[in-house]
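Asks: Here is what each chain is made of, one letter per residue.
Protein chains: 2
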Amino acid sequence: MGGDFGPSVTIPAVKKALLAHPKVSFQLFGDSQLINQELNHHRVKSQSQIQIFQSEDDVKMDDPPALALKNKKKSSMRLALEAVRDGRANACVSAGNTGALMGISRFILKMLPGIDRPAIISAIPTLINDHVYLLDLGANVECDEKRLAQFAIMGNELAKCLDNIEEPTVGLLNVGEEEIKGHEKLRKASELIGSLDSMNYAGFVEGNKIFSGDYQVVVTDGFTGNNVLKASEGLSHYLSIKIKKAFERNWWTRLCGLLAKPVIGAFKAEINPEKYNGACLIGLRGIVIKSHGSANINATFCAIEEAVQQSHEKLPQKIRDQLERASGKLSDASA
Amino acid sequence: MGGDFGPSVTIPAVKKALLAHPKVSFQLFGDSQLINQELNHHRVKSQSQIQIFQSEDDVKMDDPPALALKNKKKSSMRLALEAVRDGRANACVSAGNTGALMGISRFILKMLPGIDRPAIISAIPTLINDHVYLLDLGANVECDEKRLAQFAIMGNELAKCLDNIEEPTVGLLNVGEEEIKGHEKLRKASELIGSLDSMNYAGFVEGNKIFSGDYQVVVTDGFTGNNVLKASEGLSHYLSIKIKKAFERNWWTRLCGLLAKPVIGAFKAEINPEKYNGACLIGLRGIVIKSHGSANINATFCAIEEAVQQSHEKLPQKIRDQLERASGKLSDASA
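Protein chains in written order, with our numbering: chain X, 1 to 335; chain D, 1 to 335.
Read the hints as simulated data drawn from the structure, not as lab findings. Please note that a few of the clues may not be correct.
Treat identical chains as interchangeable: a pair holds within one or across any two.
No more than 30 angstroms apart at the CA atoms, straight line, and that leaves these computed lysine-lysine pairs for DSSO-like [what the hints assert, rightly or not]:
id, residue 1, residue 2
1, LYS73, LYS188
2, LYS74, LYS329
3, LYS318, LYS188
4, LYS110, LYS23
5, LYS329, LYS73
6, LYS275, LYS242
7, LYS16, LYS275
8, LYS244, LYS261
9, LYS185, LYS70
10, LYS110, LYS318
11, LYS70, LYS188
The following block holds chain X by itself, in its conformation from the complex (with noise of 0.2 angstroms):
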């Protein structure tokens, strides 16, 4: 029910799902009046695959996140996340609020064992190997060293669960990539993240480099990353509008605009913002994707294609498996 669009968005996206993965089936929490209908207007067959649920309640995305957590709890969203925790789901898919998302996420299923909170992690791309992880993009504005190593290591394990790489290349975030660079925690956090075992750690990376693609998992505080990630969008914005004014000058570069269409398309299909959509909740004792709210058919379908795998690869048990092994390191460096 989530999102700009709802279930007009959410319906055909589970069509394009369906045909993708034959396999998968879903169960859809919400209106079900609604949902039936764009089941009717969107012809979606193999319905055998889907159950619906009806819900009393939607979380609004303007909802303070404690409110929603309190007082719906009949909601689209807690019923997908009981789903998940009652083993009758392998994932929960939602474009509804993000921060109510993460409140219900964390208590209805509970963080993995030394997680205080879930990270939030999403790709974007780079100029070869086409994209890198990013965490935390805004659930831990203050992070000590072990928070940052805990990202790390969840980093590292989506990294080579989703695109199969062995040993992700991962760098810590910082103003310098001398030693010596940065504030105490974040050295300490270095030290850390250095220490880990099966670890392909780079050290410290600057910003102008999370998008050269030397790096599969780059690790941040929520505070930094989610303005990097604010402000790359606000670029470009910025940067599309301004070149959609050059061509718009006069005839001429109007001409040249209709000309160069084609190459100008090619180009928005690369960069394409739909192929990353998928925001990961990570940390949890279920799989959570955070579809973005304005994410149309396409990125919806990815961010079903993220669960999906996800839930094929058990990333949560990885990621528990990971932690344990490090759980001596990380319960030291909080001494």
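With chain X fixed as given, assemble chain D onto it according to the hints.
Replies: Then chain D, alone, in the frame of chain X:
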């Protein structure tokens, strides 16, 4: 002598500045033989407005700041800063080692009362209103509310001076616009900045709004600011490579590229980073402009123009006055 190109760029930039500002005179610090060569090579006239000072050493781009400060007492950088300290020059422009420029400026010029370290501030382009000043860009990785409030005061004065705006709109970078967002220091800083006289404070601003043009000054700690700025550089580079490749795909796209070249050129001219060259080390008892190491002649000219403008406006004195006016509130905050 600094930057990637030394006098081969600084001298023609000086020539351009002499034409644009016939009342400005220059003191050039460095290898006088090299400087004279370049002056002759570029046929710089009005040499009555140029004085050359032979330095005995140069700070290298990779010199550790502490060593540059201790061992290079006759470097071109230091001699230039001493000229500002002694009132023989109104401002210093350098394309050299940022860390060393920071350390030596701090030692030679000293800080304004109440300021511990200079902040780095620079203009970045926006959709409307041309540009926004972002600070700190990396000098202060950890900032309490008092320091963030000082940044707001300094940024506010700089925007008033350079852009002739009576009441710049000032925002504080955060992970959300709501008052409850972010960590405690940030909420305290927001309250403190909001309480300052003659400050048009607009509250928290999210990363995607930096480029919107809704703000003239955006304040953040040096860790976040540095990473946001560098990530923006990285993203711009990524997008420019991708668009170039899109036009290089085959003979047809190459033809389109040829036709669209003037449009892409106009686009590039509009977002031209040269215009935004000239970061200011702010909070010192003198004017220090840091030109980018890779700055070309036009970009270096822009950095010189900024120095001229700040000198005309007596920026350090204005900041000093505002810090004094706010000193009660700032010291209450640190109590």
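Asks: Confirm or reject each hint.
Replies: Right, here's what the structure says about each hint:
no. : hint               : result
1   : LYS73 with LYS188  : neither (41 angstroms within a copy, 34 angstroms between copies)
2   : LYS74 with LYS329  : neither (41 angstroms within a copy, 49 angstroms between copies)
3   : LYS318 with LYS188 : within (25 angstroms within a copy, 40 angstroms between copies)
4   : LYS110 with LYS23  : within (28 angstroms within a copy, 70 angstroms between copies)
5   : LYS329 with LYS73  : neither (39 angstroms within a copy, 46 angstroms between copies)
6   : LYS275 with LYS242 : both (23 angstroms within a copy, 16 angstroms between copies)
7   : LYS16 with LYS275  : within (15 angstroms within a copy, 48 angstroms between copies)
8   : LYS244 with LYS261 : both (11 angstroms within a copy, 14 angstroms between copies)
9   : LYS185 with LYS70  : between (35 angstroms within a copy, 28 angstroms between copies)
10  : LYS110 with LYS318 : within (16 angstroms within a copy, 54 angstroms between copies)
11  : LYS70 with LYS188  : between (38 angstroms within a copy, 28 angstroms between copies)
Hint compliance for this structure: hints 1, 2 and 5 are broken, all remaining hints hold.
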